[in-house]
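These protein sequence lines map, in sequence, to chains U and D. Residues in the first sequence are numbered consecutively from 2, following the working numbering. Residues in the second sequence are numbered consecutively from 2, following the working numbering.
Worth flagging that the hints you see were computed from the coordinates, not collected in a lab. Just so you know, not all the hints are guaranteed correct.
Copies of the same chain look alike in the list, so a pair counts if it works inside one copy or between any two.
[As the list claims (entries may be wrong)] Straight-line distance between alpha carbons at most 25 Å, and here's what the computed SDA-like set of lysine to any residue pairs gives:
| no. | residue 1 | residue 2 |
| --- | --- | --- |
| 1 | Lys32 | Val271 |
| 2 | Lys539 | Lys554 |
| 3 | Lys32 | Pro140 |
| 4 | Lys272 | Ser504 |
| 5 | Lys397 | Asn343 |
| 6 | Lys24 | Lys270 |
For reference, the chains in residue letters:
2 protein chains.
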Amino acid sequence: MIGPKIIGKSVRRVDAPLKVTGKAYYVDDLKLPGMLHGKALRSNVPHALIKEIDVSEAYKIPGVKAVVTGSEFPYRHGLLIRDEPFLAQGRVRYIGEAVAAVAATTEEAAQKGIDSIRVAYEPLPSVFDPLQAILPGAPLIHEELSSYPHSEVCQPVPDSNICSHFKLRKGDVEKAFKEADCLFENTYTTSFNQHCALEPHAAIALFDPSGKITVWTGNDGPHRCLREIALSMSIPFSNVRIISAFQGGGFGSKGGLRAEAIAVALASKVKNRPVKVTYTREEVFTSTLLRHPVSIRSKAGVIKDGKIVAKKVELFWNTGAYGEKGPWVCRNASMSSSGPYNIPNVWIDGYCIYTNNPISGPMRGFGVPQVAFAYESQMDEIAHELDIDPLELRLKNALEKNDETAWGEKIVSIGLKECLKKAAEGLNWSEPKKDRNRGKGIACMQKFTTTLQGVTSAIVKYNHDGSLDLLTSSMEIGQGVMTVLSQFASEELNVPIEKIRVSSADTDYTPFDASTTGSRSTYHMGNAVILACRDIKKQAVSMVSEFLNLPRKELKFKEGKVVSTKGHEISVVELINRYYDGARGGGGDLVGRATFYTKSGTGLDSETGRGKRPAAFWMYGAQAVEIEVNPETGKVKILRFCTAHDVGKVINPLCCEQQMEGALAMGIGFALFEKVDVEEGQIFNPSLESYRIPTACDLPQDVKIFFVEEPHPEGPYGAKGLAEPATAPTAAAIANALFDATGIRIREVPLTAEKIQAALEKTGSIH
Amino acid sequence: MIGPKIIGKSVRRVDAPLKVTGKAYYVDDLKLPGMLHGKALRSNVPHALIKEIDVSEAYKIPGVKAVVTGSEFPYRHGLLIRDEPFLAQGRVRYIGEAVAAVAATTEEAAQKGIDSIRVAYEPLPSVFDPLQAILPGAPLIHEELSSYPHSEVCQPVPDSNICSHFKLRKGDVEKAFKEADCLFENTYTTSFNQHCALEPHAAIALFDPSGKITVWTGNDGPHRCLREIALSMSIPFSNVRIISAFQGGGFGSKGGLRAEAIAVALASKVKNRPVKVTYTREEVFTSTLLRHPVSIRSKAGVIKDGKIVAKKVELFWNTGAYGEKGPWVCRNASMSSSGPYNIPNVWIDGYCIYTNNPISGPMRGFGVPQVAFAYESQMDEIAHELDIDPLELRLKNALEKNDETAWGEKIVSIGLKECLKKAAEGLNWSEPKKDRNRGKGIACMQKFTTTLQGVTSAIVKYNHDGSLDLLTSSMEIGQGVMTVLSQFASEELNVPIEKIRVSSADTDYTPFDASTTGSRSTYHMGNAVILACRDIKKQAVSMVSEFLNLPRKELKFKEGKVVSTKGHEISVVELINRYYDGARGGGGDLVGRATFYTKSGTGLDSETGRGKRPAAFWMYGAQAVEIEVNPETGKVKILRFCTAHDVGKVINPLCCEQQMEGALAMGIGFALFEKVDVEEGQIFNPSLESYRIPTACDLPQDVKIFFVEEPHPEGPYGAKGLAEPATAPTAAAIANALFDATGIRIREVPLTAEKIQAALEKTGSIH
């Protein structure tokens with residue numbers, strides 16, 4: 002058996018030529034015949050009734066073709082809870098909510114139309130802090146909460162601002178706390194972040210006379226987007242078509258209906274003309290998604306030798322005015338908030354709480370960066386208190402294969418300890434500290450892929466010239482999925498990667514895929530593509546058996562050919578050309594199809610949060626960092642960084658490393674300085690000038706990347722995912738290194754220079 | 002067993018809403034970003050060397066972006082023989098040949114660019130008559146003939162103007178002629194016709210930086226068009242993508258590279274900008290295709306009782322300057338030119354002959370209307386001479402099931418005699434003649450579907466909302482294929498037709514199909530769709546077996562559901578939703594795929610024209626007509642018309658009737674007045690004002706349509722094809738009726754009033 006030829010190789014990204022030549026098209030690049038431009042009028046108050054909307058002036062502006070308000074398009078959307086109007090319906094709940102929209106022949110005319118609309122608001126009491134929002138007497142943001150259709154992921158508490166309450170119960174925490182040697186109780190908090198994808202949100206919608214709605218968008222989940230529009234409007238799914246363009250990054254912000262909602266509402270009014278809506282950067286901040294700030298109260302009971310015996314975690318997720326994927330973030334991240342440790346007694350309450358802030362949602366890690374900051378900071382607090390090396394403490398408690406998790410799953414593939422050891426070794430963890438301003442920190446994480454995984458179908462078309470078309474609904478969001486899928490098909494069918502084309506998604510053509518989220522595509526779509534290739538192999542063998550009249554058992558598919566036990570061989574191309582009349586000017590193809598699905602658990606028990614296999618696979622990683630703190634300014638400089646991840650199998654080392662580097666940058670931003678300033682629901686830094694994201698100068702020179710290959714039994718060539726996890730341990734690793742360097746424990750990210758400086762001033766000095 | 006529910010029903014055409022609301026898009030409707038408009042400069046001489054092309058003025062015209070000539074794009078195309086340059090290379094061979102092309106920001110600028118180009122020609126001797134073109138010493142039109150790559154369909158004779166020579170040899174005709182009681186030798190001729198599709202030829206081409214060529218076109222064969230471009234330019238097939246729009250009729254004129262060739266040549270020069278080329282009506286006449294005029298010498302040997310014992314046919318097809326599909330028309334129509342009769346001795350020579358005329362090609366019937374005019378006129382001449390009723394003579398000689406044809410095939414499905422009887426009955430054939438100016442005529446025909454049938458693949462996507470997507474490369478060319486395929490899928494899977502969407506072809510997405518020609522789609526694509534539906538059924542049964550742990554043999558698919566012998570049942574939608582997580586916000590689909598192919602003969606023997614199964618199926622039909630001749634003007638009025646066709650199985654009666662009515666109109670035009678006036682290679686009536694096609698006033702009021710359902714063992718529900726055959730017998734039926742009415746035998750179509758009047762004058766009177 003020869004090993005794989007192209008799996009594990011750093012194949013050049015197949016989308017590179019289009020991207021470096023500027024010819025990869027994004028939604029805003031598209032110009033359709035008769036296309037109009039749409040703009041939305043945004044609420045400037047956080048919570049109010051709409052008494053009147055006067056659009057009469059808008060129609061007088063040359064070029065304005067349509068104005069639409071919520072009363073004319075009275076639908077609500079929301080994948081998990083249908084709470085969000087396409088356009089405000091009588092009430093606004095955050096600053097930035099769309100109140101009306103205008104379509105015009107130019108963007109300028111649309112903006113003039115927007116500027117001419119007058120809205121009369123009657124203010125309502127607002128609430129911005131989730132801990133206040135759950136107090137009795139707090140203003141109710143959704144009085145109709147109990148009437149909203151919602152998925153089982155979302156467990157709303159009627160007549161409250163609790164959009165969803167997730168519970169996990171394992172063992173008896175109170176008893177264990179009593180028996181523990183030490184108790185640790187801390188609160189950790191995080192801030193609003195914005196994804197800051199290079200490409201702002203954009204969508205084009207067209208209603209045609211047959212009643213079909215076509216939407217061009219770079220949405221993460223073309224089929225999910227279709228479903229959400231259809232369910233919102235109560236129309237057949239088949240009346241909606243999503244055509245995907247490349248996505249210029251999304252990181253979780255492009256999975257719902259954002260620009261799509263405005264475009265669809267406008268298109269419904271103009272009919273027969275496409276309407277394009279491209280958000281300004283300010284709208285991306287105010288009116289798409291932010292990363293949830295969360296307040297995490299974590300109580301740990303520990304035996305003196307370092308064994309953690311109980312953990313109770315309460316998480317208060319500030320989800321803003323509408324649910325979006327907040328309930329899901331709350332559930333999934335809360336569920337894993339006791340950390341990747343074997344703890345016999347766990348009690349978790351995660352609250353997803355409405356406030357009058359902009360909407361929160363997933364951002365690279367689906368809440369895990371926040372909870373990892375908490376559980377990994379607390380691990381070091383425990384280590385310090387018990388005087389155990391932080392690495393040792395983690396290794397002592399870390400989950401292992403066949404352990405049962407807090408939610409009751411038996412782990413089938415885990416390389417966590419190996420990751421911890423690699424990360425530590427890479428940083429010479431045991432080397433004694435040399436410089437008083439320097440410190441080292443370590444942290445690890447666990448994250449599962451998306452739980453609403455649905456199924457994943459793929460079609461592979463083996464053309465008569467030996468080229469392949471892969472028809473999938475996976476989205477190229479910058480992560481390299483086109484390349485990885487090409488590698489799988491190339492390996493399976495022995496077709497050179499240059500002869501493989503990966504389609505972009507078009508729901509009328511490409512088969513179902515749940516979404517391109519949760520680091521799921523290599524695993525799910527990879528498996529689907531491999532199975533579709535095997536369907537082709539099976540057919541090729543059948544054809545040879547039929548045409549050459551050979552018993553099927555004497556034939557097998559090997560290296561792109563059907564070979565017989567007697568030594569005959571024929572390639573697929575020859576097969577098509579010989580038996581399908583190709584030589585006579587015909588041609589032909591072999592079409593393979595497959596659906597991959599994991600028979601994962603049928604959900605979690607709503608009272609205990611327990612389930613046998615809530616997700617297809619789990620990802621684990623660890624990071625170790627050495628920093629230097631400037632004692633005058635409080636500024637942190639990252640000297641060395643070492644990241645180790647269990648990816649099951651590295652399919653493309655270069656792509657994997659690029660993912661790690663990108664995640665590292667986002668992790669550092671989250672850890673050190675990224676913060677959307679929101680006060681009373683108003684964002685004060687909604688631009689890339691005022692909201693700071695990392696630049697090359699913020700990144701360490703000395704970065705070591707390790708991959709641990711603990712194969713997943715069901716993964717394609719053993720692969721799991723890796724897009725999200727590397728953002729998660731960074732903040733805690735840096736916070737722990739800061740403590741190591743300075744003795745200062747900061748329990749709130751970002752760990753800004755100002756906070757550090759203030760803390761240094763308070764303690765008087767360094768150490 | 003319940004009979005079919007929707008097969009055989011007059012379902013409304015699924016493309017009707019888009020078409021009646023004007024929203025079905027054709028190529029010329031498309032406007033792409035940055036699109037340029039292209040025009041071609043056409044040769045005004047029939048045969049000449051190009052001494053110089055001066056394009057310098059063109060570039061001075063504002064808006065002109067590119068000028069291209071044959072030296073810059075030195076490729077030749079041609080499906081059967083690669084003889085035709087995209088743009089003339091040093092030599093022109095017909096009036097209307099493209100010599101240079103211009104792309105500009107507007108059509109006007111492109112035209113100005115064209116008008117500014119100066120070409121210096123050096124005239125060469127020309128030849129226009131195919132019978133002269135094959136004489137020794139005739140000017141050679143393609144000196145390089147022997148060097149052109151060609152398919153086995155084409156048998157060129159080097160150093161001659163014979164582009165292809167088809168031979169069929171059965172028995173010993175000379176011996177049989179000697180033994181026959183009577184010999185009949187006649188020559189029949191036909192004229193140039195033009196298809197006059199409502200939509201003129203149009204194409205848009207784009208070269209992108211990756212080297213990919215995308216062409217938007219309404220071509221009959223998207224995959225064939227792809228292949229022809231790729232082979233012409235020696236680039237990988239996967240570098241070409243064809244995206245189909247609706248086709249506004251083609252009737253055989255839209256199967257090669259016409260506007261596509263000009264658009265591709267221009268796009269190669271401008272790069273990164275799409276170039277649209279839409280032909281004027283004049284260009285459609287001069288520079289696409291005409292129906293072949295053919296001169297047919299037919300000699301029949303007959304026994305007194307009417308039994309035809311030998312037939313020798315020589316056919317001289319005027320194919321114009323380039324081969325296009327001429328060799329194929331010549332082969333297929335010549336092959337069937339002894340008629341649908343059981344004749345023991347047959348000798349056929351078909352010559353496809355180059356001349357300096359515009360290019361000839363297939364037109365609804367692929368040469369069969371021409372040969373049927375000859376063999377069915379001669380049948381009546383025999384009947385008259387032997388004093389046998391024309392119907393009786395035909396019934397006596399007609400092929401029957403299990404007979405062997407002239408080319409050696411055993412017939413598996415034939416309803417010819419039934420058609421003859423139905424047509425005759427419908428016209429009260431035996432009723433004696435009442436009026437001296439009136440006459441009745443009858444004629445029948447045979448035609449096979451395309452012989453280069455290749456294979457046909459289909460993908461059916463069963464979506465989680467119960468809708469279906471049929472992914473096929475069949476073209477909706479007005480014939481109703483979308484409706485018929487929807488009916489097949491509806492019947493197989495019990496899905497309402499409103500929930501079925503049929504894709505348009507896009508070679509990057511839709512699987513291989515040879516072409517939408519030769520009345521092949523109902524049979525070939527119908528079978529592929531049915532098989533793909535059955536692949537879904539099989540998967541559904543497997544899923545139920547797997548999830549419910551039931552033995553597969555206890556399960557079957559019935560009326561859209563999987564049912565168990567114990568009475569359980571589950572629909573596909575429930576199946577997807579229950580087992581693919583649909584209820585939890587996921588979704589899913591079942592993808593079926595299939596390739597249909599006929600193990601037809603591996604071609605015809607090049608010396609004898611014999612083969613076991615040259616095509617998948619044969620079509621038969623008969624028509625009877627009563628006419629009245631105006632003795633003063635010679636004008637023919639059709640009083641009653643009766644057409645009967647063996648379609649195997651009527652899938653959609655309304656669609657079938659519409660096909661018959663359309664064919665009738667084209668048959669009448671061919672019979673009575675359609676003629677492109679070509680003199681010395683110059684067309685004198687290249688417009689819809691000067692070239693007359695039938696209007697409603699030309700069509701009879703009294704039309705009876707009969708379908709004979711002689712099922713084909715391999716056809717979908719027994720269906721064969723029906724788009725072409727009904728055009729074929731019309732001219733002979735009318736010519737025979739004219740003879741019956743007047744005693745005048747005209748052996749040249751069209752049977753214009755002028756010709757009839759002249760003949761009446763010559764004979765002095767009627768009868």
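Status of Asn343 relative to Lys397 across identical chains (alpha carbons, at most 25 Å): within (9 Å within a copy, 92 Å between copies)
Homomeric proximity label, Lys272 with Ser504: Cα distance no greater than 25 Å: between (29 Å within a copy, 22 Å between copies)
Identical-chain pair category, Lys24 with Lys270, by Cα at 25 Å: Result: close only across copies, 17 Å inter versus 32 Å intra.
Intra- versus inter-subunit Cα pairing at 25 Å for Lys32 with Pro140: Classified as neither; 45 Å inside a copy, 52 Å across copies.
Alpha-carbon proximity context of Lys32 and Val271, limit 25 Å: both (17 Å within a copy, 19 Å between copies)
25 Å Cα threshold - placement of Lys554 relative to Lys539: For Lys539 and Lys554, both the intra-copy (12 Å) and inter-copy (22 Å) Cα distances are at most 25 Å.
Violated hint for the displayed structure: number 3, the only one.
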